[in-house]
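Got two chains here, each in a separate frame; can you build the complex from them with the hints?
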Amino acid sequence: MHHSKAIKDGSTEARQFFRRVVVAAVAVCLFTGVLVNQMVKLQVRDHEHYSTLSQQNRVRLQPVPPTRGLIYDRNGVLLAENRPSYRLTVTPEQVRDMPALLAALGEVVSLDEAEISRFQQQLQRARRFHEVPLKLRLTEEEVARLSVHRHRFPGVEVRAQLTRHYPHGEHMAHVLGYVGRISEQELRRIDTANYAGSTHIGKSGVERAYENLLHGRVGYEQVETNALGRVLRVLERHPPEPGVDLYLTLDSRLQRVAEAALGDQRGSVVAMDVHTGDILAMVSHPGYDPNLFVGGISHQQFQALQSAGSQPLFNRAIRGQYPPGSTIKPFVALAGLHHGETNETRRVQCSGQFSIPGDDRVYRGRWHSNDGLLALRESIAESCNIYFYDLAYRMGIDDMSGFLAGFGFGQLSGLDLNGERRGVLPSRDWKRGALGEGWYHGETLHTGIGQGYFSVTPLQLAVATAVMANRGQAVQPRLLARTGDDAEPLEAPPAVPDPEERVVVSDARHWDAVIEGMEMTVHGRFGTARRIDDGLDYRIAGKTGTAQVSARMRDVDHEDRPYHHRDHGLFVAFAPAEAPRIAVSVVVEHGGGGGRSAAPVARQVLDAYLKGPVEAEVEVAAEVSEHGGD
Amino acid sequence: MAAIDLTRNPLGTRSRLGTSGLSPLQRYLHLDGTLLTALLLVALFGLAVLYSSFGENPAQVQKQLIRLGIAFSVMLAMAQIPPSTLRRWTPWLFAAGVVMLLAVMVLGVMGKGAQRWLDLGIVRFQPSELMKLAIPMMVAWWLAERPLPPNWRSIVICGTFILVPTALIALQPDLGTAVVTAASGFFVLYLAGLRWRWIFALLALLAAAAPLLWFFVMQDYQQQRVLTFLNPERDPLGAGYHIMQSKIAIGSGGLFGKGWLNGTQAHLDFLPERHTDFVMAVVSEEFGLVGVVQLLAVYLFIVGRGLWIAVNAQDTWSRLVGGSLALTFFVYVFVNAGMVSGLLPVVGLPLPLVSFGGTSLVTVMAAFGILMSIHTHRRIWSS
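If you read the sequences in order, they're chains A and B. First residue of the first sequence: 1, per the numbering used here; consecutive thereafter. First residue of the second sequence: 1, per the numbering used here; consecutive thereafter.
One chain only, chain B, in its complex shape (with noise of 0.2 Å):
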């Protein structure tokens, strides 16, 4: 800790944030007023979506109204958390979630085919969520009391903390939480300096691998997914027709979209999902490409933000954990509006913030909190 030069932001300019640096909210609500008001712009639009993809039901708004309302909640005690604390915790939650994850695989409950969920009761948990965010932490909390680019160790180390949560996830079967994991625990390696040619190694690694994961990892289910994808056609009852009315849906919409409230494809019932992992192709066809990439826009500059508060931050690990956190939003996007389009093969990931449903959106927002943490707490002195 010492040795870093607290002065000195990592752009090499002086710092310029003083005492008055950091806004009313900022230092009393540990709230970063920037990334709160693009993440409200798109919670909103994505009720708006909602609204118009149910059939003008308010009562199915009012219900992602409240789930809105516990994420955000979510997200404003994890920023009044330091981050120092969050990184003391680090191993304890990473060590609870994989306990968790095996007590899935042994008494989980069975949903849609796939065992996710532990029943406590009240509510159903879903450990892989808490992993979302526990890999990055814990990788981060590894490298952070060690001197970067990793070397061979922390390389291996680091590794087994990525892929042995994330193959339980994707054993359960989980492809898409599974794709984010091991993604976010990537990130923080990469961030960290990992050697480009690691990187690229691992990439042909995988790119090897990927025979032995269709025969070995993969579920029937999922094999077919790929080969819809390959070839939509196939399955014209099935994935197949998803992909091919999403994307009827999506370029009927034109350059300015069809209008709220107005698009036939979703509302006459030819597109599925169209409330959750679909829910793009209603924003393309009511808004077109010009709501499309507005709304792309409001994405990438919540993960610029992420990106400049992880720059910002004032200790590795924040600045590693920070940096995971949004770049791995990105993924949800990318993945998600890529499946969509048919540019990816159909995983199950929702369109954050816009997507109805919960679990992922209380996850989502957790992370926004540790960010907004980072950057709220961090030490201030005056130049």
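Extracted from the complex, chain A is given alone in its bound form (with noise of 0.2 Å):
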């Protein structure tokens, strides 16, 4: 450094410096004037070529939305379809005085407070030639009357749109979601690009989960316009790639079944295939009217349904999460056949109490059947607490919350619908995790028959049941079946079991035991579930369940309680029973015990599914659950 600056020359470098700044300054005004002359080369040598096109310059790109995908159900019955609908715009460029007009237009069409000052606010940030929605969805009437005084409101048009329409309204609303206008947030997660045309995106439901399919790709078309902007024809088009058509698993006439079997109850049915995972029906109950949301909610309507205290809008059967109960224990049952806990001999005594030794609390048991001494599969049948409770104290936490963890308890089960709920599966680490507190014995009982911390969503019930079913063998539920319109299923459907997956027990033969543990639930004498039995020509393995709501009514009648304490009512089943198709579950809030409100349920969706389509008898189902037979 020392040695280099020793030889600086600063007058001379500054002098050459300055030879330097002005070859410089002279390639700059070179540059400049290179620019200049192509400036005038385009405004004044070609300015008349270049004033023409300007005024000719009536070729603009407008894009074109692409159709959404269909969707339909499992047998072709159209879910979600697009209607045409018309709607009027106004341009404000065109518009002298803006009040007169809509005053004149309020004469021709009911035009409410709400639609003019939603017009009024987007009028602000519209450009002044772009046209924006004054009225959507006009009737056939309106559209008529516009065009006879057209003439009398330049600026005004009748837009023909298609619009989202779900032919069943609530029947699939909570499955299937709804479209609704692109809000700010979304915006900025989509690719502004592709819906540069589109007004509307998935919101929920199916319709959100496969808005990738649905949606399609956006088109373009060259139009040529007047001087004012309005479009006298299409020059050239490039059509938008529509979006896919949807074929889901869902059986709609299932569906109604289940929702009918419901009633006015609030509650949850999922039933499933068992080895395809396919959803068969999927019902939350009550639901909404979808179509509500297409063309804009008003702010009433959806405060209402909202702050409404049976929840419409929730989708219980996959965000639900309802404790057990005893639905749990054909799963426990097999959880400690496969520690060695327990064997299909044992006997416990059912009548009476338990106690953990060294605790003085005492946990109470229902009378039950003869002298009370109960083995492994009429305790499931009948639903015995202290022989779980006495199973559960032998087996401990881990052993039992690992094994239940292979039917997907606690898990998210990866259906393809987004807002799925994991629920709790208790454990050790869990507390510790969710309440940083250890674990008590107390609490592996409660455990043990469903109450406690345990929480299920009915989709995980009913995914456990299935795997029950299939003694073992695991499956993904899920909601897509194909796409297009060809027969050909997915190249690679979302949910084909992975046969390495499976839960191993010890001994082949504790699935039997358990099942016809769940058999005698439905069949047996003094099963819990037997009320459902009336002429049944197949079999029916299910278990019920009943899930506390509240502690402090323990002791008092299920008629005797206010609503919101009463329990709830579970039942699982599959059937038939020696070669399980179909796997059910049912939750209804509040309905008491799971064998009286749940169970019959179930059983008109089995009988519907596994009798086939004999639609006099689904009315017949229907109204008799209407009417609140039992």
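Be aware that a few hints might be false.
[As the list claims (entries may be wrong)] Here are some chain A residues pointing at chain B (derived, C-beta under 10 Å):
hint : residue
1    : 14
2    : 25
3    : 50
4    : 52
Honestly, the hints are just simulated from the structure, not real lab data. Yeah, the Cβ is synthetic: ideal placement off N, Cα and C, and Gly gets one too.
Structure (structure tokens):
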């Protein structure tokens, strides 16, 4: 450094720098000259040419939205379609006196205040030569009247477009979901170029989960416009790529049966194919009309839906978390057999009480058949709490929850729908993580009968029941059966069960013992679901459950409790028991005992599925249930 | 330092600058009134053009006004820092910039298909903007310590200072900024007296390397742009459409333009990107050749004032940095106007002080802050 500094020659350098700057300045002027020359070429020499082009420049590109894919059920019944609808738009630039125009228009079509204020808002943001929608969904009559008066309203247009429609309304609302106007938040997420012409996007359910497939690709149109920007004719079309049609695994007939069977009660029904994981029915009741959301639901309507005590917007099937109650017992029994803590013949005194050694707390049980000494099968069929307190205590929480995890409890099932909840499979790790506390023996007992921290979604119950029906073979639930018009299945079906994934037990005969216990639940003399045995010509393996909602009310009779303190009724089943095809889970909120409230619902679903489509029967079933027949 | 004859300016004439040579604005705020007036002139004109191209929407203009406020504040702040301090900071600034560029490669935020930003929580920072200043400062830092013209070793080292960050920026990919950073570094070498034969050799090398660049460096979309530039008709819906529409806008403006707020091309939505990179087309359409030439004249004046400040600077570093910044500013104007008028392929560079947008604006104004600092921190001797 010092060395180089020493021979630096300041004034020579400065002179050299000055020379370089002069050369650069000359270059800058030359380059500017080139620019000016180009501008002169464009603006003077070719001015007339470009002027003509500019005047004729009526060619504009406008995006053409793709048609949204349709949604069908497994039998090709249309679940979501696109209906033509007309809307009224105004181009602000062509309107002299907006208030006068609105007043005059109001005499031809009905305009309410909400529509006008929404229009005024959009007017603020829109460019003056862009059409701003004033009224959506014109009636045929309004369209006719407008065409008569059209000459009076320059700048006012009636535009045809396709609007999503859900012909089944409430019946499929939760699974299908709905489309709604693209929100600011979504705008940031999506490919705005592809949505240039689209106004709607899938907001929930299948509409949201398969938005990518359903939407399609935007097209472009070269249109000729007049000087004011009104389209005169289309010069060139690059047609949009329509969205893909979806065929769901749902059976809309079965869905309706399940819904009718549930009647007015709040709750959920999930039915699935035990082999493929196809969701055949997925009911969450009460529902809502998704069509309300398509055209833009009013604030009041939305508030009403959201604040309703019955929570109609809530998808109970995948988001409702309930204690499984006694429906967990077959799984606990299997865990006990697997770990050698019980066997098929060991009997337990079921009438009476159970206490942990060294603990004063008493766990009571109901009266049971005969002398109250029950073995494994009867304990399942009659839902003996003491048998499972004892079994859970012998096994301990670690072995029990480790085994139950194999059936998918406490995990997402991977269903192709957004918003699924995990529920809770209690374990030491879970409790430490969630509550920061250690595990108590008493909690093991509660877990063994599906109470305490335990919570499951109806979907999880259905999946676990399907795994039981499959004798351990795992299955992943799915809603999308295939795409497009062709009968070909998806290239990679989302839910082919992996044969490697299965629940393994120490002796395959354990499955038989537990499943026989479940059959006795329905067909046995003392089974808790024997009321649905009547007139059955196939065999059901099931399990009832009653999920305690309020501990305070445990000694008050069900009927005497206020609605919100009544227990939830649950039932899981698969059928036919010897060669299972379908698994069902039913949750009836505040329905009381599962044998009484939930099991009959499942019976109707199973009947409808196994006996095939007999429309008359379906309607009878629906009617019976609607009148509260039991 | 001691070797520089401080009593004589490079023109060889006795310096006329006495204590009274600095105006109060220069002495206390360290601002150069001449430069500031020209910059404000362009900025105000830019606001008027944006008001028109946004369809007379004052909200957007307000946004730009705030950005201009921030940019001028940055200029004011930079002007307060004496050149000697800036020079001391240079290596650290440069190193930090390169590190951030590397960080962008690894964990940058994706935006518009390119990886250019670092998300710092509150703001998204674009390290390539820093490099527009750091590269010329760094090259000047190296050369200022050594006898000029630079020897072989210095050329290679300076070439590394330029090429490494430029390559990182080109890979983001951000061709427009890469052109600017490469040019700003090269200008320093040129001003330092890089021999003409090396300059011509370099140009020859670049010509030879073009095919390699085409096949190995340029992204698909960049290749498309060049092809489109050569033949706009081949892509009438995409970039070709933009160029054609831009030329129609300019050409139809004629000698005197269609008048402010009357540019039909711009207003009927034919002109793409009319607030940002293509804003020059709006200027041309509404103010005509007369308006364009006037705007170019003001830009030219700004470049000239920058070069004049560089010539009058009192140390090598200031001279080299000042000269490079002034010439780089011209690159912005030339590339942008050239691209909009169909002279050059479309690379994303804004028209300084007129285009809507903030990041690049801040950098440009920071550069003028440095120029002002160079000018106002001179030591003045009475003659």
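Status of each hint after checking the structure:
no., hint, in the structure
1, 14, "holds, 4 Å"
2, 25, "holds, 6 Å"
3, 50, "holds, 3 Å"
4, 52, "holds, 8 Å"
Violation of the numbered hints given earlier is absent; every hint is satisfied by the structure.
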